[in-house]
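Protein chains in written order, with the working numbering: chain A, 5 to 419; chain B, 874 to 1005; chain C, 1190 to 1740.
The hints are simulated quantities; they were obtained by calculation from the structure and are not laboratory data. The reader is advised that the hints may include incorrect statements.
Unchecked claim - For each label pair, taking beta carbons as the anchor points, the in silico distance ranges come out as:
| # | chain 1 | residue 1 | chain 2 | residue 2 | range |
| --- | --- | --- | --- | --- | --- |
| 1 | A | Leu108 | C | Lys1272 | 19 to 29 Å |
| 2 | A | Val416 | C | Glu1472 | 52 to 62 Å |
| 3 | B | Val968 | C | Asp1297 | 22 to 32 Å |
| 4 | C | Glu1531 | A | Glu296 | 57 to 67 Å |
| 5 | A | Ser146 | C | Glu1295 | 28 to 38 Å |
| 6 | A | Val416 | C | Val1361 | 37 to 47 Å |
Predicted model, so just to flag it, every value in this text is computed and none were measured. Think of the CB as a built atom: it goes at the ideal place given N, C-alpha and C, for glycine as much as any other residue.
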Amino acid sequence: MMNNSVLVIGGGIAGIASALELANSNRQVYLIEREATVGGQAASFCCKATEVCTKCSVCLVPQKVKEVKTHPKISILTNSIASEVSGKAGNFQVEVWQKPQYILPERCIACGICFDICPTQPKAIYLPSPEAVPYSYVINESQCLRLKGQECNLCQEICPTDAINFERKPERQELSVGTIIVATGFDVFDAREIGPLGYGRYPNVLTGLDLEKTFSYEGSLRLPSNGKEPHNIAFIQCVGSRNESHCYCSQVCCKYAMRFARLIKYQNPDCQVTIFYIDLQTAGKGFAEFYEECREAIRFIRGVPVEISETCYGELEVKFENILEGKVGRESFDSVVLSVGMAPRKDSWDLARILRINLSDDGFFDTKEPFNPIETNVDGIFLAGACQGAKDIPDSIAHGTSAAERAMEVLVRCK
Amino acid sequence: MNREDNKIVAFCCEHSAYQVADKAGRMRLHYPDNVRIIRVPCAGRVDVQHILKAFEKGAAGVLVMGCQEGACQHLTGNTRAKKRVKYAEDLLKEVGIDGGRVKMVNLAPDMAQRFIREVKEMAEKIEGEMRR
Amino acid sequence: MQVRIGIFLCDCGESLKNIDFSRIRGDLQRLEDIAFVDISHNLCLEEGVKAMTSRILAENINRVVIGACSPELCEHSFSRLLKGLRLNPSLLSLANIREQCSWAHEGDVTGKALELMRMAVNKARFLQPVEKKDIPVNKEVLVVGGGFSGMRSALELSRLGLRTTLVERESVSGGKLGEFESFHGIETTPEEMLSSTRKAVKENADIKVLTSAEVTRVEGQVGDFTASIGRGEEKVSQSFGAIIFATGYMTKILPQDFQLKPDVNIISQRKLVEMLQAPGKLERRPGTIGFVLDVSDENSRLPILSTLNNALAVKERLGSEVYVFCKSLKVDSEGVEKLYREARERGVVFLKFEEKPRISKEDGRVKVEARDVLLGEEVTLLCDSLVAEEKVLPPEGTEALSSLLNIGTDSAGFYQDENVHLYPVASERKGIFFVGGCKGDLDFTRTLADISSATMSIYKLLSPEKVIVEVEKVKVEPEKCRACLTCVRVCPHGAIQMVRVDTEKEVAKIYDLACDGCGICAAICPAKAIRFEGYADEQILAEVEAIGESL
Chain A
5 MMNNSVLVIG
15 GGIAGIASAL
25 ELANSNRQVY
35 LIEREATVGG
45 QAASFCCKAT
55 EVCTKCSVCL
65 VPQKVKEVKT
75 HPKISILTNS
85 IASEVSGKAG
95 NFQVEVWQKP
105 QYILPERCIA
115 CGICFDICPT
125 QPKAIYLPSP
135 EAVPYSYVIN
145 ESQCLRLKGQ
155 ECNLCQEICP
165 TDAINFERKP
175 ERQELSVGTI
185 IVATGFDVFD
195 AREIGPLGYG
205 RYPNVLTGLD
215 LEKTFSYEGS
225 LRLPSNGKEP
235 HNIAFIQCVG
245 SRNESHCYCS
255 QVCCKYAMRF
265 ARLIKYQNPD
275 CQVTIFYIDL
285 QTAGKGFAEF
295 YEECREAIRF
305 IRGVPVEISE
315 TCYGELEVKF
325 ENILEGKVGR
335 ESFDSVVLSV
345 GMAPRKDSWD
355 LARILRINLS
365 DDGFFDTKEP
375 FNPIETNVDG
385 IFLAGACQGA
395 KDIPDSIAHG
405 TSAAERAMEV
415 LVRCK
Chain B
874 MNREDNKIVA
884 FCCEHSAYQV
894 ADKAGRMRLH
904 YPDNVRIIRV
914 PCAGRVDVQH
924 ILKAFEKGAA
934 GVLVMGCQEG
944 ACQHLTGNTR
954 AKKRVKYAED
964 LLKEVGIDGG
974 RVKMVNLAPD
984 MAQRFIREVK
994 EMAEKIEGEM
1004 RR
Chain C
1190 MQVRIGIFLC
1200 DCGESLKNID
1210 FSRIRGDLQR
1220 LEDIAFVDIS
1230 HNLCLEEGVK
1240 AMTSRILAEN
1250 INRVVIGACS
1260 PELCEHSFSR
1270 LLKGLRLNPS
1280 LLSLANIREQ
1290 CSWAHEGDVT
1300 GKALELMRMA
1310 VNKARFLQPV
1320 EKKDIPVNKE
1330 VLVVGGGFSG
1340 MRSALELSRL
1350 GLRTTLVERE
1360 SVSGGKLGEF
1370 ESFHGIETTP
1380 EEMLSSTRKA
1390 VKENADIKVL
1400 TSAEVTRVEG
1410 QVGDFTASIG
1420 RGEEKVSQSF
1430 GAIIFATGYM
1440 TKILPQDFQL
1450 KPDVNIISQR
1460 KLVEMLQAPG
1470 KLERRPGTIG
1480 FVLDVSDENS
1490 RLPILSTLNN
1500 ALAVKERLGS
1510 EVYVFCKSLK
1520 VDSEGVEKLY
1530 REARERGVVF
1540 LKFEEKPRIS
1550 KEDGRVKVEA
1560 RDVLLGEEVT
1570 LLCDSLVAEE
1580 KVLPPEGTEA
1590 LSSLLNIGTD
1600 SAGFYQDENV
1610 HLYPVASERK
1620 GIFFVGGCKG
1630 DLDFTRTLAD
1640 ISSATMSIYK
1650 LLSPEKVIVE
1660 VEKVKVEPEK
1670 CRACLTCVRV
1680 CPHGAIQMVR
1690 VDTEKEVAKI
1700 YDLACDGCGI
1710 CAAICPAKAI
1720 RFEGYADEQI
1730 LAEVEAIGES
1740 L
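Based on the provided sequences and hints, a complete structural model is requested.
What follows is the structure in structure tokens.
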């Protein structure tokens, strides 16, 4: 029996792109997402425009997320994972488990009454973000008194729509689908792995991801230590990329660093901005002109910092190899941003085992042959987005839509 | 509308500014309550006559809010809107209304803080001039 | 027909405490044409929907106004509800009294909510229904460019059940792929890839290949393009539903960038490939081969891709010493970092400069002088052959073709305007796509993703049994049209064309399938002959007028 529907595992931008193409071609799509909201990592990123667009493409995400939410042919299952898969192309059986839906997103109207009444600090019931889709409150299980075994039923009692119920259990579903697209995304490289760079020790050492969140909420950068604007900020490239354990370029860091650097400089013209790099990645549509602008506003130093320490004045001293001058350099900054790269998800091996697909040497999902970025070793299972290798937003969308095309070929063939 | 009501009419493009206004609300970021948002499919839909009509009917200020320059969903909509706002500004000056009462604002869907700032600035400007 | 408006207010589970809903209901009930004003706690939930449904069915209304949370959240489901009740979804008007009112203010929130409702009611009075219908589309696709990208696109379209006509300017298909010698680590050579693709295309009944042919004219809109194809003396006209441009790129050594004297012997990558393919024919094996990059163009990926592959091939087949001069290595493509490391392991030496190297001739060999930033020293290299970087350029005819079709190019002259909303493969005009090298962004893996993106987008457009459009949502009123051509010029999606209505008159016509609903035409028409349902002038002005209107 051939099945005309598709399972997309992962509700980030690539998964969403795949889902939309297939749904708009009149196929039923099941989009399962591990977290409580769809949109993935990119949904929390910020626009990096100065006076003109810098092509970061973050604005493409909310648009697609909204389309996926309202599409009649797409069933979104949040808080869900695939635990078992059997069958073959044209007819896969997938077991999907959904975490207990203590709050039903379909019934939550986000009125916030539960938030007001929750007794814990920080609140155990909260909205994941202002852009969350589904726009529904969620429970932080490690904070929630009820889930820790204590007596508390305040939110459940006060909810005007009966959306909350702590008795709910995990739910199991069996889906029959024709093809599967894996779009589980990436992990941000944990900068703590490079101890000498001080992330986690010094409050003013930040990562690119921290900047995304800060600009998205606050619209500007203030130093965590004193809330003031930065006067002297440095970016360090290739943190977690192009090294022995991550033998690839993460493709996004040089660009996001330059965009942030330019944005910070635009907001604080007196701020000095420095970028430490190995090789600058400046290829890509619409980037060359922007790069020229950056060269005037930003100080580029060829050389990779090895250590960050704190001076007695509370500044951050960066020790680096100044390649152009051929010696060790030391400079102080009030803030340092680590341009962290994209790493494969640590739980990829689990999904790889369930689907019987391979992982590459780098830990990303592998394709069946070179120059084929989509097909895995299993017929009917395809890859979309950063789970196959580091990519930026436009490339993830392209990858997602091309995975949809391959999936469509199977469905057309199996009809 | 009476001029004393200090109403600000904000034409907001559904792809950017309208979503930003929603985000500001979701974050419970408060701004002056004399703002009236009119949703449009693109800032380029806003015509000079719409801007002038708003003033004619008693608005104290008009904001036209669209996507970032270079990122308009419809490619040229925000550029056209900018030109029309400039034209409207010049016309208003001729009838004795300060040009600063109409402004083009470009923003992305996540810029809640920016939206608040622009609205507050316009409200303060109007109030400042009313007091004089 | 008399307007009869039904109003629903939602208090969001009674949480919008700063709005006095009964006062608003009282005020609204006093307006003309209001059939009822209902207050609900949860219009988005089953209970609320049921109540709305029975109310609408019980009353004879023809407009629905709802004051609730943001239309971004609820518009879609309310539209669906109306459709289910046989009310045209365009007859719905929404007021955002939650995110943009109750949650956003502290002052006179009820006053603002009331005004927002009045704005929505005023607008509702002018709403008109918009019908949907299905339109026929041509399911054939035109692919311009018979290189690897074009052929591969045609093959994918065929697997999806769509037929293509492939137009290639040269006498033989293949494009640039054959100029690559090998892909390191991959057994299949580019030449083999190309022949197997060519063979597959030839044997495919769904694909018609026209070589030595050029597209000279394209008219029409998505679903119904008419292309004129010239082949020598012949001219053929054919209809297509969509078009893919896979016109590729061209490369050129720009001697002025290298400040070369005329007799210095620099070669292109292609020439090197020729040497690699027939090493036996060489008079003398070159002892040293140099590559120079980042002189003409610092921002291109192709030079490093070719260089790494060819450098490794040189090491394998010629055993020469290989030196690569570059400013910044472009490694942001799949597999390139690994290729770079392997090249270093095989003994390829990479020298990085900040200032351009000086190239001259000495003793019949090419001398390259540069300051290597890694060593911190001046380096002089004498090589038997220097492979010069080639600048990647749009092929001839790009500008002409883009103005013919009214589509944009980027600042470097390659296809596709830089606007991010077009990424990855779209153009401003619906139904026209770009894949591969013609976009300027050269990289194998990205090209492959582009091809599948474009073919999927086309399948989505053309394959449904019924292609449904909103009919005349944006419409030119022919009696008012003065044929000034402003809207035609201004439409960013090229969706407006002049049509003849009788022997005397031509008027503008907006093509529903191509229209993207921006309203720029409606704003700019000097005769106000264009009506955009949902955002018509009288509807927007009605909203403006409602502000501060006394009851």
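Right, here's what the structure says about each hint:
1. A:Leu108 x C:Lys1272: 19 to 29 Å: holds, 25 Å
2. A:Val416 x C:Glu1472: 52 to 62 Å: holds, 55 Å
3. B:Val968 x C:Asp1297: 22 to 32 Å: holds, 30 Å
4. C:Glu1531 x A:Glu296: 57 to 67 Å: This hint is violated: roughly 33 Å between Cβ atoms.
5. A:Ser146 x C:Glu1295: 28 to 38 Å: holds, 34 Å
6. A:Val416 x C:Val1361: 37 to 47 Å: violated, 31 Å
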